[in-house]
Structure formats: C-alpha cells, structure tokens
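Visitor: Letter by letter, the chains look like this.
4 protein chains.
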Amino acid sequence: MARSVVQISGHIIDSLILPKILDLIIALGAEFEILEVQIGHRRADRSYARIQVEASTPALLEQVLGKIKEHGALPVEIEEEAAELQPAPADGIFPDHFYATTNLTTWVRVKEQWIEVELPEMDCGIRVDLIAMRAACVPMHRVKKDDLIVVGHRGVKILPLERRVPREAFEFMSSAVSTEQPKGLLIREIAEAMKKTRSENGRILVVAGPGLVHTGAARHLVQLIEQGYVQVLFAGNGLAVHDIETALYGTSLGVYLDKNIRASEGHEHHLWAINTIRKAGGIRQAVEQGVLQKGIFYTCVNKGVDFVLAGSIRDDGPLPDVITDTLKAQDVMRERARSVKFALMMATTLHAIATGNLLPATVKTVCVDINPAVVTKLTDRGTFQAIGLVTDVEPFLRELCEYLNPPANKQAGSSASLTN
Amino acid sequence: MARSVVQISGHIIDSLILPKILDLIIALGAEFEILEVQIGHRRADRSYARIQVEASTPALLEQVLGKIKEHGALPVEIEEEAAELQPAPADGIFPDHFYATTNLTTWVRVKEQWIEVELPEMDCGIRVDLIAMRAACVPMHRVKKDDLIVVGHRGVKILPLERRVPREAFEFMSSAVSTEQPKGLLIREIAEAMKKTRSENGRILVVAGPGLVHTGAARHLVQLIEQGYVQVLFAGNGLAVHDIETALYGTSLGVYLDKNIRASEGHEHHLWAINTIRKAGGIRQAVEQGVLQKGIFYTCVNKGVDFVLAGSIRDDGPLPDVITDTLKAQDVMRERARSVKFALMMATTLHAIATGNLLPATVKTVCVDINPAVVTKLTDRGTFQAIGLVTDVEPFLRELCEYLNPPANKQAGSSASLTN
Amino acid sequence: MARSVVQISGHIIDSLILPKILDLIIALGAEFEILEVQIGHRRADRSYARIQVEASTPALLEQVLGKIKEHGALPVEIEEEAAELQPAPADGIFPDHFYATTNLTTWVRVKEQWIEVELPEMDCGIRVDLIAMRAACVPMHRVKKDDLIVVGHRGVKILPLERRVPREAFEFMSSAVSTEQPKGLLIREIAEAMKKTRSENGRILVVAGPGLVHTGAARHLVQLIEQGYVQVLFAGNGLAVHDIETALYGTSLGVYLDKNIRASEGHEHHLWAINTIRKAGGIRQAVEQGVLQKGIFYTCVNKGVDFVLAGSIRDDGPLPDVITDTLKAQDVMRERARSVKFALMMATTLHAIATGNLLPATVKTVCVDINPAVVTKLTDRGTFQAIGLVTDVEPFLRELCEYLNPPANKQAGSSASLTN
Amino acid sequence: MARSVVQISGHIIDSLILPKILDLIIALGAEFEILEVQIGHRRADRSYARIQVEASTPALLEQVLGKIKEHGALPVEIEEEAAELQPAPADGIFPDHFYATTNLTTWVRVKEQWIEVELPEMDCGIRVDLIAMRAACVPMHRVKKDDLIVVGHRGVKILPLERRVPREAFEFMSSAVSTEQPKGLLIREIAEAMKKTRSENGRILVVAGPGLVHTGAARHLVQLIEQGYVQVLFAGNGLAVHDIETALYGTSLGVYLDKNIRASEGHEHHLWAINTIRKAGGIRQAVEQGVLQKGIFYTCVNKGVDFVLAGSIRDDGPLPDVITDTLKAQDVMRERARSVKFALMMATTLHAIATGNLLPATVKTVCVDINPAVVTKLTDRGTFQAIGLVTDVEPFLRELCEYLNPPANKQAGSSASLTN
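Protein chains in written order, with the working numbering: chain Y, 256 to 675; chain C, 256 to 675; chain L, 256 to 675; chain U, 256 to 675.
Hints were generated in silico from the structure; no laboratory data involved.
It cannot be assumed that every hint is accurate.
All copies of an identical chain are treated as equivalent in the list; a pair is satisfied when it fits inside any one copy or across any two copies.
[Claimed, not checked] Straight-line alpha carbon distances no greater than 16 Å define the calculated EDC-like cross-link-like pairs of lysine to aspartate or glutamate that follow:
id, residue 1, residue 2
1, 324, 335
2, 632, 325
3, 534, 346
4, 366, 481
5, 450, 657
6, 534, 401
7, 412, 373
8, 534, 351
9, 324, 561
10, 632, 317
All values derive from a computational prediction rather than experimental measurement.
Working from the sequences, and respecting the hints, build out all of it.
Guide: Have a look at this one:
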C-alpha cells in the first residue's frame with residue numbers, strides 16, 4: 256500500500272470541494288481516511304481537513320494525488336517541495352509528462368518560493384523564468400527549445416473556484432441550463448453584471464455566430480456597441496459576411512430580413528459582399544471608402560471596437576480581415592482575451608468553445624443559444640464557470656438592451672424601441 | 256395489368272398536387288401515362304389532367320386509387336359511382352375496410368348526389384343518413400350498431416388543400432420550421448391573422464402547456480384573454496395547477512417566478528393548490544368564493560372563456576375541472592373545436608397533437624415551441640396545415656401582445672408592462 | 256431570530272448530503288452554524304453532524320426545516336415529537352398543509368413510535384391508521400373523509416438515497432446523460448442488473464412508446480418477453496396499435512417495416528387494426544380467436560405478462576384494453592408497479608414520467624431515448640434515481656438482447672463481432 | 256412590364272422541377288403564363304414547357320431569370336447567347352456581379368459553343384480559357400488578375416438533379432431525416448452503395464468527428480479501412496488526437512473506453528498524445544518509429560489511405576499533420592475530394608459542411624449524426640443531395656460493418672439475429 260497525507264483548507268464543505276475530493280479518491284480506485292477535520296462553524300469561516308490517501312501502487316497514488324491537487328488538496332509532506340523543471344527538447348515540444356494547466360489560478364514552487372502562474376489558460380504548459388522568478392502558461396506551439404517547463408504535479412498548487420460567501424447575485428443560477436424557467440431575471444442580472452463591469456472599466460468580450468444576423472438580432476448588437484458595452488468582438492467570416500451582406504443588400508443568406516422571402520440572387524449576395532470587401536482591401540477600408548455604411552462591423556470600426564475574425568474551413572472567400580491561420584488566430588484571440596472581465600457568447604459553438612479554452616476561470620461567462628447542446632458542450636470542455644441560457648438570441652438581446660438602456664423618456668413616447 | 260383512368264383539376268401544378276400524385280403512383284409500384292393535360296396559363300386559371308394508372312394486380316390498383324384520391328384524383332369511370340355503405344356490426348365498431356377520413360373537405364356520393372361530409376376530422380369513419388341525405392365524420396367510439404358507414408374508396412372525393420392564388424400573407428412561410436430566421440415578421444402576421452379572425456367574429460383556440468407558466472409567459476396570455484383574443488382554451492391539469500399555484504403562492508413548480516429561487520416547500524405548493532381548488536369544488540367556484548383572484552384561469556372565468564382541461568396519467572390530483580376520461584375529454588374538445596377559425600398551440604406536445612387530430616385542415620394553425628421536434632411531430636401526424644415557429648414562448652407571446660395591442664397610451668405610464 | 260438545531264447521520268459527506276443541506280439553508284435565506292461534526296474516518300464509517308439553523312422569522316425557519324428534512328436532517332429537540340394528524344375534510348380532499356411525500360423511504364412518528372410509511376410514492380399524502388399502527392402513502396383522489404392525514408413536517412423523517420459504499424457496479428454512471436460516451440459498457444451493466452433481478456425473482460417493468468415499433472425494435476422486445484425478462488409492460492394505445500398493425504399488415508404508421516416505403520392505405524392500417532381488435536373484444540380475445548398471431552402483445556398474452564394500456568387524449572379508437580380513465584389507469588399502474596425491482600423505459604415521455612411518479616426511489620430505473628430532453632425531464636420531475644441513456648432504441652435493444660442471450664454457438668467464431 | 260420567355264425540358268413534372276419554377280416566379284413577385292406544355296406520357300418520356308415570365312421591372316425580371324435558371328429554365332431568345340466574360344481586377348478578386356456557381360453540372364456558352372464547367376463546386380466563379388476552350392470553377396482566393404470570369408447569368412445553363420427514372424435503390428428515402436423509422440434497410444442500402452462504388456473502383460471519402468472515438472466506434476472505422484472501404488479520410492485535429500490518445504493510453508478525452516471511468520490524468524492524456532506525435536515529427540513518422548501501433552490513423556498509414564487534417568481555432572497542439580491554414584486546408588480537401596464517388600460523414604458538423612461545400616451534387620453523400628440539426632444544416636447549406644440518418648454513430652458503424660462483411664460462419668446459425 257502506498258500512502259500519502261494531503262491537506263486542504265477553505266470553504267471546502269459548502270463549496271462541495273471536500274466531497275468531490277473524497278469522491279475522486281474512490282473513483283480512481285484508492286481509499287481515504289479522514290485524519291482531522293475542522294469545520295468552519297459559520298459560512299464566513301474556513302474549514303480545514305487532513306486526509307490520508309491509500310493506493311495499491313505508488314503509480315496509482317501519484318495519479319490520485321495529481322487529480323485531487325486540481326481541487327486544492329496538497330500533500331502535507333511535500334507541500335514545500337519544489338516543482339520539477341525540464342528544458343523543452345525542441346521548439347513547439349514540451350518535455351514528457353509536462354504539467355497540463357487548468358484555467359484556475361495556479362502557483363508553482365520554485366527556489367522555495369510560491370509564484371503565481373501568469374496568463375492562466377487551460378491545456379498549456381507552465382514555463383518558468385528562474386532569473387525573473389516568473390512563471391506563465393505557454394501553449395504548446397509557443398514553447399521554445401530549452402524553455403524550462405514544469406513536469407509532474409509536485410510543487411504546483413491550484414486555487415479551486417469556491418462559491419463565494421455571501422453569494423454574488425450573479426451566481427444564483429450557477430450553470431443551470433433550462434428551457435422551462437423564467438429568463439427575465441437572469442437577463443436582468445446579466446445586464447447588471449455588464450453595467451458593473453463597465454463602471455469598473457472592465458472590458459467586455461462578445462463572441463457571436465452568424466445566426467445573430469439571420470434572426471434579425473444584429474441591430475441589438477449594434478446598439479450594445481454604440482453604448483460602449485462591447486470592447487472586443489470575436490467571430491468568424493460568417494458573422495461579418497452576413498452583416499455586410501445585410502448592409503449592402505438587405506439580405507442574410509439570401510433572405511430579405513424585412514420581408515422574409517428569399518432573394519432571387521440569394522446565394523450570390525454573400526459572395527458579392529465578400530468580393531466587394533476584398534476589392535476595398537478590408538472592412539476598415541470599406542468603411543473609410545464609404546462602401547460599408549451600417550451594421551455591426553461598421554459600428555465596430557466607428558467606435559474603435561477591436562474585432563478578431565478567425566478562419567474556418569467552411570469559409571467562403573474569405574474577407575481580407577479573416578486570420579486564416581488558426582494558430583495565429585488563436586494567438587491573437589489569446590492576447591485580446593487577456594484583459595477581458597466579462598464574456599457574452601451567442602449563437603456559436605466553434606467560437607464559444609475556442610474562446611472558452613483561452614479564458615481564465617475568473618472571467619464571468621454567459622453562453623446563449625437556442626440549442627441546449629451548445630451550452631452543455633461548453634461546460635463539458637472545461638469552461639465550467641459559464642452560465643448557460645437556452646433561449647432565442649434575438650429576443651434575448653432585445654431584452655438585454657432594454658435593461659441596459661431603460662428608456663428614460665419612454666413616457667415621452669419612445670416606446671417605439673421595440674418596433675424600430 | 257390492371258388499369259384505371261383518373262382525372263384531377265384545380266391548381267394542380269403550382270400547388271404541387273399533380274407531381275405528388277405522379278410520385279405516389281410510382282412510389283407504390285405502379286405506372287402512369289398522362290393522357291391529357293390542360294394547364295392554366297395564368298396563376299388564376301385552373302388546370303386539368305387525365306392520367307391512366309397501370310398496376311400489376313387489381314389489389315395494387317385499388318391501393319393506388321385509394322391513395323391518390325386523397326389528393327383529389329378521381330377515377331373517371333367511377334366518378335359518378337356511389338359510395339358503398341355497410342351497417343356498423345355493433346356499437347363502437349366499424350364495418351371492415353371502412354373509409355378512414357382525412358381532415359380535408361370531403362364529399363361522398365349517395366343516391367346519385369354528392370354530399371359534403373360534415374364535421375371533417377382525421378381518422379374517423381363517414382356515417383351517412385340516407386333519409387336526411389347528410390353525411391358526417393364519426394369517431395370510432397361514437398358509432399352505433401347499424402349506422403351506415405362508407406366502406407372502400409369508391410364514391411368519395413376530397414378537395415386537396417391548394418395553395419391559394421394569390422397567396423395569402425399568412426402562407427408565406429408554409430410549414431417551414433427554423434431557428435435561424437427572423438421571426439418578427441411571422442409574429443406580426445400571426446397577430447394580423449388573429450385580428451382578422453376576431454374582426455370576422457371567428458373563434459380563436461389557444462392550446463397551452465405548463466411551460467407557459469414556468470417561463471413567466473402567463474401574464475401575456477392573461478392579456479390576450481382580456482383583450483378578447485381567446486375564445487377557447489385547451490390545456491391539461493398542469494397548466495391550470497401551475498397557474499393557480501402562482502396565483503396562490505407566487506411559485507411555479509416551486510420556483511418563485513419573480514426571484515428564480517426554489518421555494519422551500521416547492522413541491523408542496525402545487526399539491527396544496529390542487530387541494531385548495533378541490534375543496535372549493537372547482538375553478539369557477541374558487542373564483543366565486545374569492546379564493547382564486549388572478550391568473551389565466553381566473554381571467555377565463557371572468558371573461559367567459561370556455562376552457563377544457565383534459566386528463567393524463569401523469570396528473571397530480573387532479574383539479575375537479577379535469578375530465579379524467581380521455582374519450583370524454585376528446586368528445587368535449589371535438590365539440591368545442593368545431594367553430595374555431597384559428598388555433599395557437601404553445602409549449603405542449605400532447606395537447607397540440609390531440610387537438611391537431613380534431614381540427615379540419617382549413618383551420619389556420621400555429622405551433623410554437625422551443626423544441627423543433629414538437630412541430631415536426633405535429634405535421635408528421637397529419638396536421639400539415641400547421642405553421643411551426645421554433646422559439647421561446649415567453650418572448651413570442653410578449654411580442655405578439657405588442658403587435659396586437661400597440662401601446663397608444665404608453666405615455667400614460669403603462670410602459671412598465673415589461674418589468675412588472 | 257428563530258433558531259433550531261438539527262442533526263443528521265450517515266454517509267453525509269461523501270454522499271454529498273451534508274453540503275446539500277448547508278447549501279439549501281443558505282439558498283432559502285437562512286444561516287447555519289455547525290455545532291459538531293464527527294466524520295467517519297473510512298468509507299464504511301458513518302458521519303454525524305449537528306447544525307444550528309437561524310432564520311429571520313419562524314415561518315422561514317419552518318420552511319427551512321421542512322426542506323432539509325427531505326435530506327434527512329431532523330430537528331434535535333423535536334426528533335421524538337409526534338406527527339400532527341388531521342382528518343380529511345371530505346372524500347378526495349386532504350386537510351390544509353398536508354405533508355406531501357417524496358419517493359424516498361419515510362417514517363412517521365405516531366404514539367411515540369416510528370413507523371415506516373408503506374407504498375412509498377411521490378406527491379401523495381400520508382394516511383395513518385392508529386389502530387393498526389400503520390401508515391401509507393395515499394394519492395389525493397383516494398383519500399376518504401375522516402382519514403387521518405399527516406400535516407406539517409413534524410414527526411416525519413426520510414432516509415435519503417445514499418450512494419452505496421462500496422459502490423455498486425450499476426451506479427457507475429450516476430445520472431449522466433451523454434451522447435458522446437461509449438455505451439456498450441452501460442448496456443452490459445443493464446443486462447447484468449436485469450439478470451440479477453431475475454435470478455432473485457424480482458419483477459422487471461418495461462415502459463415503452465410506439466417509436467419502438469416504428470424503428471423495428473419490437474422483435475427485440477418480443478425476445479426479452481420470451482426469455483422472461485419482462486413481467487409487467489406499461490404502454491399506451493399507440494404501442495399496442497402499431498404492434499398489432501405490424502402483425503396484421505406488416506406496416507407501422509403505414510410504413511412497411513421491411514421495405515421502408517409508405518403503404519398505400521397507410522393511415523387506414525392502424526385504424527383497421529383497432530377496429531379488428533374491437534371486434535374481437537380485446538387483445539387477449541384476438542389472440543384466442545387466432546386473429547392476432549405475433550408481436551409484442553401476442554407474446555405478452557402467451558407468456559402471461561401483465562400489461563397496462565393507459566389512455567390519452569390523442570388516442571385513436573382506442574383498443575378495448577385501454578383504460579380510458581386516467582385516474583383509474585394510474586391506480587392500476589400504481590398497483591402493478593408495487594413489486595417491481597427494475598424499470599426499463601424506452602422511447603416514451605408521457606408514460607415514463609407518469610411511471611416515474613409512481614415508483615419508489617429504490618427501484619432501479621433506466622430511461623433510454625434518442626432525445627436528451629426526455630431523460631432530463633424525467634429526473635427534473637423527481638425520478639432522480641433514473642439513469643439516462645441517450646441513444647437509438649433499436650440498436651440499444653438489439654445489443655441488450657445480445658448480452659442477455661449470448662448465442663450458444665457463437666463460440667464457433669462469430670462472437671468476435673461485438674468485441675473486436 | 257418586362258417579359259421574357261423561358262423553356263425547360265426533362266422530367267420536369269415528376270421531378271418537381273416545373274412546379275418549383277412556377278413557385279419561384281410567384282415567390283419573387285413576378286407572374287407567369289404557360290405558353291405550351293408537352294408532358295411525357297410515360298415515366299421514361301421527357302416533358303417540355305415554354306413559360307412567359309412577366310415582372311414589373313427589368314431588374315426584377317433579371318432576378319427571376321437568374322434564379323429559375325438554377326433549375327434549368329433558360330430564356331428562349333437568349334439560349335444561344337454567349338456568356339459575358341470580364342477579367343478579374345486583381346488576384347483574389349472577381350469582377351462585379353460574377354456568376355456564383357451551384358454544385359450542379361453546368362455549361363457555359365463561349366464562342367457559340369456550350370462547354371461543360373469542370374471541377375463543379377458551390378459558391379465559386381467560372382473561369383474561362385478561350386484558347387483551350389475550357390471552363391472551370393475557381394474559388395475566390397485562387398483567381399488571378401485578368402483571368403476571364405463569367406459575369407451575370409446569360410450563357411450559363413445548369414442540369415438540375417432529376418430524380419432518376421426508374422428510381423435507384425439508393426434514393427428511396429430522399430433526404431428524409433427521422434428518428435422514428437426503421438434504419439436497418441437504409442444502412443443495408445448504404446452498404447450496397449459502398450460495395451458498388453468499390454466494385455467500380457470509385458473512391459470513398461469518410462469525414463468523421465471525434466465523437467467516433469469517444470463512443471467507441473473507432474474500431475469499426477478501422478475495420479472499414481482495413482477492408483478497403485475508405486480511400487480518403489477528412490477530419491480535424493480532434494479525431495486524430497483522441498484516436499492516438501486511445502492508442503497510447505486507452506482513454507478518449509480522459510475516459511477509459513473499456514471501463515467508462517475518468518482517468519486520473521484525464522485531460523493530460525490528449526495533450527501528451529499530441530506532444531508525443533510532435534516529438535516524432537508526425538503521424539506517419541510515429542508509425543514508422545513504432546510509437547503508434549494501432550487505431551484509425553495507424554491503419555490509414557499502413558493501408559495507404561490519404562488523410563487530411565484541417566485546423567480549427569479550438570485545436571490543442573495541434574498535431575504536426577494538421578494544416579493550420581484554413582485556405583490551404585480547403586485547397587487540399589478540394590483536390591482530394593475530386594475523384595470521390597461516395598461520401599460518408601459521421602459525427603461532425605464543421606467538417607461535414609466544409610466538405611459538402613466542395614463536393615459536386617453528383618457525389619452520393621450520407622450524413623450520420625445523433626443530432627437532427629446537423630443533417631438539416633448540411634442540406635440547408637446547399638448539399639441537398641445528402642441523405643441524413645439520425646442515429647447513434649457507434650451502432651450505425653457496427654451494423655454497416657456487418658452488412659459489408661457478413662461473418663462467413665454465420666451460416667452456422669446465429670446470422671438470423673439481424674434479419675429475422
């Protein structure tokens with residue numbers, strides 16, 4: 256029998272962390288004995304526990320310790336042990352058994368000091384700079400030969416996401432996904448969280464798919480941008496093409512948005528829109544040349560909103576602004592996502608999951624889609640902080656705009672806001 | 256080779272009826288030869304075709320003739336042939352090979368006369384009264400011993416649903432079901448169709464599931480009822496229970512609608528609501544006794560709206576108003592559905608399909624659900640006239656109410672309608 | 256401040272019960288203080304905790320106590336307090352504030368004795384017989400005037416469903432619902448659980464929808480019945496009608512199952528099937544008369560399997576065997592469900608939820624559907640013990656049959672087909 | 256009023272082409288008059304029609320003519336008119352109003368000759384080489400300055416996809432998508448079509464998503480490859496990573512496929528798998544070095560199956576074999592797709608749609624997914640020839656393999672299990 260004693264502290268009981276750790280130990284085939292537990296008597300108090308883990312083999316023990324460390328349980332005897340560092344054998348290649356990061360706040364122990372890992376991001380390695388005494392997440396393709404990389408689980412600790420005490424308003428629905436619940440209150444809370452983010456000068460990221468344009472919701476996003484509620488926009492070729500198609504021809508995928516009939520040249524409109532922008536040299540240039548005069552991307556250019564268009568193999572064209580190399584696109588998104596405090600993802604699977612992979616778990620994330628599978632997929636892939644809302648994106652955005660911008664002068668007659 | 260010549264007339268080409276008939280002939284394994292075709296030169300003109308059907312056996316020929324007759328193709332030689340009538344062998348039992356009805360307008364030939372079949376409804380038999388020279392659809396359980404019932408397909412003709420020329424506004428989306436289209440226009444059209452129906456004193460039927468209450472949409476339905484846009488309401492125990500639970504306790508399925516938190520006694524509220532109404536003797540009595548003072552069913556009682564609550568095996572209680580015998584419930588629904596001109600079905604599968612089975616194809620039917628499968632199921636089951644709208648029912652009803660009741664007097668302060 | 260001290264014991268930490276209780280206290284707006292906690296040091300040990308609950312009002316305190324009692328937390332000072340009993344004011348009506356049951360094992364304290372509540376079922380009242388010193392769940396419509404019914408939460412305790420230690424094989428997937436996981440292992444476990452149930456003479460209940468016939472899976476269910484793996488079958492008119500339609504005409508909903516083409520008389524077949532059985536007097540009679548010679552219900556009759564057909568408002572006909580009164584159908588299902596040890600629900604929403612409502616939480620329940628929403632709905636409605644499997648029912652049943660009945664001569668070579 | 260006369264011939268009635276054209280004319284707001292119609296009297300005969308189109312403006316007329324041309328209706332007076340050619344203004348930019356291609360067989364009229372457009376593909380331009388008298392589809396990013404490109408709709412004609420007479424077996428389900436139908440027959444037909452394709456030395460393309468590995472279906476795909484039923488494989492980083500993760504560690508996304516429990520190092524396995532292949536230099540190199548010894552991609556390398564891994568922004572790593580530039584990936588896929596006769600797409604949305612965009616309409620295409628939305632999306636995007644099958648991919652592939660490779664010794668008895 257291999258044995259090790261771990262300890263854990265914090266709101267480990269009411270945040271479900273202790274039970275989860277016990278559960279993992281058993282699920283992995285090991286046993287536990289609780290040696291000591293001090294439970295906070297009130298919600299604001301922290302609890303503490305020492306647990307002995309027993310496994311049939313040292314390999315299994317190592318596995319268990321690695322896994323429960325993700326939840327903050329650190330071996331007592333090795334808490335002060337240093338992380339093992341190995342040089343990367345070549346550019347773009349980590350040493351074997353490199354430590355793969357979560358998106359949680361992480362510390363690594365180097366030279367008898369705990370240093371916080373910068374740029375937290377899921378599924379990266381940790382690169383340590385022994386001179387500057389700094390550590391940072393580095394994606395696999397960015398590692399350079401001889402970079403020092405953390406290997407194994409020793410000397411790494413994680414701050415699990417605890418449910419805050421007292422609860423924040425924003426957390427009331429946790430990650431619940433349901434089509435059978437009143438949504439108005441949640442939308443109001445999202446509006447409040449966005450207002451708060453902006454009042455603290457936090458940046459808001461919107462990630463959106465082309466369904467936004469097809470369903471006629473683009474005008475609401477334009478309103479959000481105009482009112483300063485969007486600092487960064489991530490999307491693909493599709494959103495931009497259909498937004499520009501609407502600006503130029505009044506159609507989206509060949510359907511006239513204000514008539515709901517198929518345009519005769521339907522499938523040509525979006526290709527002509529692409530060609531037009533290619534001729535202009537890009538979206539910004541098209542705006543400057545007066546070719547593009549309205550819509551989401553026109554407003555982004557006008558309001559100085561940063562947008563990143565990432566390429567995919569189903570793109571037509573694409574627009575000159577699209578970053579066709581997916582690694583480069585990821586890197587640009589990674590960089591732009593850094594200072595974001597709030598992320599609103601709507602009507603997109605690919606871009607939502609890609610962005611979710613890049614965001615630290617501390618970024619408040621809301622994912623809106625009419626298809627429950629999208630939200631499930633997002634949280635399954637590790638973005639567990641995401642709040643899902645299964646609803647139609649057009650009425651969602653309309654209602655969100657109403658909460659963000661209550662018509663002060665509605666008495667004066669501006670009730671038209673719903674019908675313009 | 257068995258052969259028969261059929262003829263068909265009407266807008267048989269642009270309404271896709273002729274191609275569908277040719278398609279059926281081949282699909283069933285027979286052959287056709289078009290003997291003559293006169294095509295209307297303009298949209299308003301009618302076309303005419305004579306088609307010879309050839310099948311390898313008389314049985315197959317009979318099958319083919321039976322099937323294409325549903326689309327209006329009648330054998331030339333037997334067009335004037337009388338329907339075969341046989342007496343029902345016992346109460347609740349049709350003669351063998353009875354003619355099973357569609358929900359289309361149907362005539363039956365009796366005593367050298369074509370008489371229109373009354374009470375058109377899917378999956379019934381046709382009972383003929385030779386004295387009164389009347390025919391009517393009769394559901395299986397309502398047939399009486401010795402009623403004369405049509406057997407086989409001879410002497411029966413059907414008026415297929417043609418797409419009108421010129422198209423009505425209402426038809427623009429046919430039965431398309433999509434989550435990726437602008438819905439505002441369709442909702443506006445639904446509002447227009449409801450207004451038109453009411454201006455002609457047509458009755459509007461609403462069929463609704465409990466999701467309407469859970470999502471906070473009940474207040475919109477109350478508004479529809481108050482404004483006279485609902486004459487009949489079909490629902491189950493669930494809608495009524497949760498509506499009354501909300502009126503009595505402010506919760507729906509134990510969730511406080513205005514706080515979105517679970518009530519402590521959550522699952523007791525709906526049972527206590529049922530018990531309360533049972534004690535009062537029924538919904539109307541509860542309103543009269545002042546026990547029930549708001550909500551959908553309170554408003555129905557107050558406004559004299561006819562409601563039918565049909566039982567299901569998953570009901571708790573149920574409320575005294577629920578008709579627990581499903582055959583009796585069907586009969587009451589059948590009777591109430593008769594004069595309806597417009598049907599709006601929301602957030603319900605069972606009641607939508609059950610009602611769809613009872614409605615003639617001439618009733619304009621709209622089915623709204625966030626789950627595309629519900630709408631597909633409805634049209635698969637024969638209610639092909641139904642227009643599906645895949646969206647969230649709460650914002651749908653909110654927007655519908657706005658179109659039906661544009662806030663002329665919003666200045667006066669009623670803008671709160673979105674936030675109360 | 257209103258205060259009360261509760262205590263709880265069992266595997267309250269690793270079964271997540273303690274955290275859930277603390278969570279509920281906060282969610283309902285109250286506070287807690289953990290006075291004492293003794294945590295079992297090893298998995299097999301039980302833990303114990305005493306918690307003081309504080310609420311701003313006595314009403315809130317009462318609410319909180321009521322809710323956490325569902326998880327086994329009993330007020331210390333009143334643990335030995337008697338349940339309050341009140342007479343039912345009339346037939347079919349409970350006293351106000353009656354205690355609404357869960358589907359968990361429950362005791363009620365009467366005359367200083369804890370007696371176990373018989374016939375555990377969700378959403379009922381508890382009727383106490385003071386002479387016989389027995390208590391039982393009673394559905395609302397079955398209560399008689401002056402029956403003694405438990406009111407409020409005092410004197411009632413519940414045994415929460417703990418995850419067993421050590422885990423049973425059957426529990427490995429808890430209630431996870433996923434389309435992206437290997438299913439073979441779970442199907443094998445289901446087969447093992449069914450074999451074990453039968454080897455202990457436990458009764459197996461199958462609940463099935465008509466999709467089973469449409470997808471060609473009926474032959475697998477026939478095989479299950481023949482091999483003695485089905486003791487009770489719950490279904491609606493639809494399953495029986497389409498099974499009989501297939502037996503008589505080879506079609507299901509008018510589609511030839513072995514050719515996948517629409518039958519010409521498609522929609523007539525199922526009506527003729529109904530009429531034929533009505534003429535025979537019922538399913539059993541049709542089998543005895545030689546009219547019905549194969550299929551699910553033929554096999555049920557032959558093998559003496561109990562079947563219950565419950566009516567719904569969308570039924571055609573219905574068959575004479577259908578219990579059209581939903582209350583009566585519930586009562587028959589309730590009675591038949593009593594001795595069931597294992598329930599397998601396939602391709603049905605209405606009957607799965609209705610049955611789920613009647614089953615005690617101790618019945619192992621598996622729900623199979625290609626639509627994830629069905630399983631979610633079932634567990635949302637309180638049948639939290641159900642294991643969901645999102646897959647196609649035909650291959651599921653085929654594979655289940657293969658595990659239950661490995662072909663004797665597969666040893667000869669072809670057995671590799673499942674495992675290579 | 257602007258007027259034009261168009262003519263159309265072929266199986267225009269029973270293939271629904273004529274009605275669709277009449278429908279389009281009206282839907283676009285124009286009128287028609289049928290001047291002449293000669294309808295083929297038997298299925299094998301072709302029909303012919305001349306139709307006068309009237310529109311309120313020349314612009315509308317032009318629109319209508321452009322649209323109905325996609326269905327084969329060519330203006331009589333201009334049938335012999337030459338296509339208008341304009342030089343591309345710059346690399347990657349088409350002339351304004353360039354003709355956007357469908358995926359149907361297309362001819363263009365140049366120098367009084369109709370020449371067939373090579374490399375048919377959706378949403379491209381047509382480049383004409385006047386010297387060689389050849390024309391070909393060219394994607395936007397591949398056009399070079401001064402290439403001659405077709406502009407407008409004149410001088411272009413299309414061969415609409417007619418339903419063949421007599422129907423091919425493969426067509427029996429058209430594009431129907433249903434969860435409630437027997438699938439065995441369709442799977443058998445797919446097997447037959449694959450056998451036929453191979454017997455004629457046609458190439459089969461498989462497009463697959465990572466769900467194939469998660470659900471344990473990879474072994475069936477390995478079998479297909481081994482038996483020569485796959486010539487080309489399109490996928491993303493995900494399929495390869497999880498296939499290799501399974502080969503190296505026995506897990507997929509950290510779940511042990513043969514135990515269905517989460518591996519302790521779950522999320523590290525797939526990253527380590529990527530790192531291992533990066534170190535080896537690529538998949539082929541890993542096979543050669545003995546690092547990769549089983550699985551889908553091992554078998555591809557061994558059997559010489561061409562695989563294309565296209566990048567996406569959600570990729571981890573990625574593997575060295577992934578083409579991260581989406582335009583380059585498209586070009587490689589385009590080239591590899593050229594000679595394909597049959598395409599089988601499973602458990603992928605992005606790659607299925609991207610591939611669908613590149614395939615001519617003449618390639619038989621089957622799309623299998625448990626989510627009906629994927630298939631709907633594919634056909635909505637223009638790949639209307641795709642047959643959808645809504646089912647679980649693991650049992651689908653298992654059954655397909657059984658049809659393709661009936662166990663030789665099944666004659667000995669157990670073969671009945673699939674066919675009785």
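Visitor: So, for every hint listed, does it hold in this structure?
Guide: Consistency of the hints with the structure:
no., hint, in the structure
1, 324 with 335, "within (14 Å within a copy, 43 Å between copies)"
2, 632 with 325, "neither (21 Å within a copy, 32 Å between copies)"
3, 534 with 346, "between (38 Å within a copy, 10 Å between copies)"
4, 366 with 481, "neither (50 Å within a copy, 54 Å between copies)"
5, 450 with 657, "within (13 Å within a copy, 27 Å between copies)"
6, 534 with 401, "between (45 Å within a copy, 14 Å between copies)"
7, 412 with 373, "within (13 Å within a copy, 51 Å between copies)"
8, 534 with 351, "between (48 Å within a copy, 10 Å between copies)"
9, 324 with 561, "neither (37 Å within a copy, 42 Å between copies)"
10, 632 with 317, "neither (29 Å within a copy, 40 Å between copies)"
When held up to the earlier numbered hints, the structure conflicts with 2, 4, 9 and 10 and fits the remainder.
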